[in-house]
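Colleague: Sequence:
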Amino acid sequence: MNTRTQNSFTPLDQGLYAAAFQLLDPDPTPEPAASAALAVSAPVPLTATLSMRLTGPVEKVLTDALAFLDTHGWTRYSLISAEGARCSIGALRAAAGSRNAAYCDAGNLLLDEARCQHGKKWETIPSWNDCHSGAEVRSVWEAAIRRARHLNI
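Here the working numbering is used: the first residue of the sequence shown is 17, the next is one more, and so on.
It is worth saying that the hints were derived from the structure and are not from the lab. Each residue gets a CB set at the ideal place from its N, CA and C atoms; glycine is no exception. Any given hint could be a false lead.
Listed next, with one range per pair, are the computed distances between beta-carbon atoms [to be verified]:
(1) 114 / 140: 29 to 39 Å
(2) 94 / 168: 28 to 38 Å
(3) 120 / 96: 12 to 22 Å
(4) 168 / 93: 27 to 37 Å
Turn these sequences into a full structure, and let the hints guide you.
Modeller: Structure representation (structure tokens):
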């Protein structure tokens with residue numbers, strides 16, 4: 017992985033921005049003149065100007081578990097391999113820290129996505145995990161994360 021760590025920034029040309037905005041809106045409609053009473057604007061809180069999406073607890077557990085698998089490795093047939101790799105349920109447990117509500121909901125969502133992609137016969141995450149390739153397992157993880165994000169959970 018090549019990550020740039022230099023903090024060299026190119027100076028900005030303010031005229032370039034003016035030209036770009038002129039191209040975007042060549043004939044802007046003039047704003048109506050504000051009265052003197054309205055000329056002083058109230059400060060706008062920072063939270064009102066930023067639109068940030070918060071990560072739900074289920075999405076966080078799934079994302080952290082997949083990152084754990086990427087870092088430590090994925091395995092089949094055991095919770096934790098001798099090298100430290102984990103199966104899907106082991107990664108969920110490591111990411112959640114405890115068997116809390118987010119852990120249970122993340123596991124249910126992961127198993128539901130596994131059933132959507134690989135058939136309804138899977139009863140548990142370990143049984144599904146052990147019968148599929150790493151690419152198939154990753155595909156289910158990524159789809160479960162997308163679904164959690166979409167549901168905002």
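Colleague: Decide, hint by hint, whether the structure agrees.
Modeller: Hint check results:
Hint check: residue 114 to residue 140, Cβ distance near 19 Å, so the stated range 29 to 39 Å is violated. Restraint check, residue 94 to residue 168: a C-beta distance of roughly 34 Å satisfies the suggested window 28 to 38 Å. With their beta carbons about 21 Å apart, residue 120 and residue 96 fall inside the hinted range of 12 to 22 Å. Checked against the hint of 27 to 37 Å, the pair residue 168 and residue 93 passes, with Cβ atoms roughly 35 Å apart.
Of the numbered hints stated above, the single one contradicted by the structure is hint 1.
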